[in-house]
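Respectively, the protein sequence lines represent chains A and B.
So in this note's numbering, the last one in the first sequence is 117, and the numbering has no gaps at all.
So in this note's numbering, the last one in the second sequence is 111, and the numbering has no gaps at all.
Because the hints were derived from the structure by calculation, they are not lab data.
Treat the hints with care, since some could be wrong.
Said to hold, decoys possible - What the simulated footprint calls covered on chain A by chain B, stretch by stretch (three residues with Cβ under 8 angstroms from a Cβ of chain B suffice, anywhere in the stretch; the number is not a length):
no.	region
1	36–50
2	105–117
Said to hold, decoys possible - Heads up, incomplete: computed chain B residues facing chain A, CB under 10 angstroms, no partners named:
no.	residue
3	Q38
4	Q42
5	V85
6	Y87
7	L89
8	G91
9	F101
10	G102
11	S103
12	G104
From a predicted model like this one, the values you see are computed outputs, not experimental measurements.
Even glycine gets a Cβ: it sits at the ideal position worked out from N, Cα and C.
Each chain, letter by letter, is given below.
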Amino acid sequence: GAVVSQHPSWVICKSGTSVKIECRSLDFQATTMFWYRQFPKQSLMLMATSNEGSKATYEQGVEKDKFLINHASLTLSTLTVTSAHPEDSSFYICSASPGTGGKNIQYFGAGTRLSVL
Amino acid sequence: LAKTTQPISMDSYEGQEVNITCSHNNIATNDYITWYQQFPSQGPRFIIQGYKTKVTNEVASLFIPADRKSSTLSLPRVSLSDTAVYYCLVGDRNNFNKFYFGSGTKLNVKP
Numbered sequence: 001g002a003v004v005s006q007h008p009s010w011v012i013c014k015s016g017t018s019v020k021i022e023c024r025s026l027d028f029q030a031t032t033m034f035w036y037r038q039f040p041k042q043s044l045m046l047m048a049t050s051n052e053g054s055k056a057t058y059e060q061g062v063e064k065d066k067f068l069i070n071h072a073s074l075t076l077s078t079l080t081v082t083s084a085h086p087e088d089s090s091f092y093i094c095s096a097s098p099g100t101g102g103k104n105i106q107y108f109g110a111g112t113r114l115s116v117l
Numbered sequence: 001l002a003k004t005t006q007p008i009s010m011d012s013y014e015g016q017e018v019n020i021t022c023s024h025n026n027i028a029t030n031d032y033i034t035w036y037q038q039f040p041s042q043g044p045r046f047i048i049q050g051y052k053t054k055v056t057n058e059v060a061s062l063f064i065p066a067d068r069k070s071s072t073l074s075l076p077r078v079s080l081s082d083t084a085v086y087y088c089l090v091g092d093r094n095n096f097n098k099f100y101f102g103s104g105t106k107l108n109v110k111p
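Please take these sequences and the hints and turn them into a complete structure.
Set out below in structure tokens:
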């Protein structure tokens, strides 16, 4: 099946620093990738839609200058949390869809646990 | 986007068949129904997708009535490892439509 790799799986950083999370589709090309955020015991919250070669589309309430998304190739999207603060601590998950044969099945990465001290 | 409603939690015992129902009264003509499973601290895993009637794969079955306003995920003979949160989503299969996750159903399988 389609595999999405997310790295790192866990990161701890100091307040004020920036953290980059990578999302790669390993065996398919993904024109569109998605980034989610999940707090403990809550559902996934869509943050943004990442489009290859163009600007990301952010959901209402998500700061685009805080969460920088780059989708430079059909297999790689990155999320950079800039000037991270403790309230940015969360579980971040990406997803991608092969988009072939009319199937819009999203395949998810394993997630990244971000802890900001 | 169609909103989905699921029970917050369900309990079951090992070996039982579990049916989780999802309501999606405002589903659009082009929308498909997709179910995901999520374990703690992991990304969701695709289980099954369907449009109407019944779909079956090696993991589960999905039952969709003619009006498509609801769907039921059926897990045969659950085990302890099936304890997870199950999400029902609807979206246009032919577009890269965004998924908005609802609260999901926390399935607790007991020995």
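We went through each hint and held it up to the structure:
no. : hint    : in the structure
1   : 36–50   : holds (count 6)
2   : 105–117 : holds (count 8)
3   : Q38     : holds, 8 angstroms
4   : Q42     : holds, 6 angstroms
5   : V85     : holds, 8 angstroms
6   : Y87     : holds, 7 angstroms
7   : L89     : holds, 9 angstroms
8   : G91     : holds, 6 angstroms
9   : F101    : holds, 4 angstroms
10  : G102    : holds, 6 angstroms
11  : S103    : holds, 5 angstroms
12  : G104    : holds, 6 angstroms
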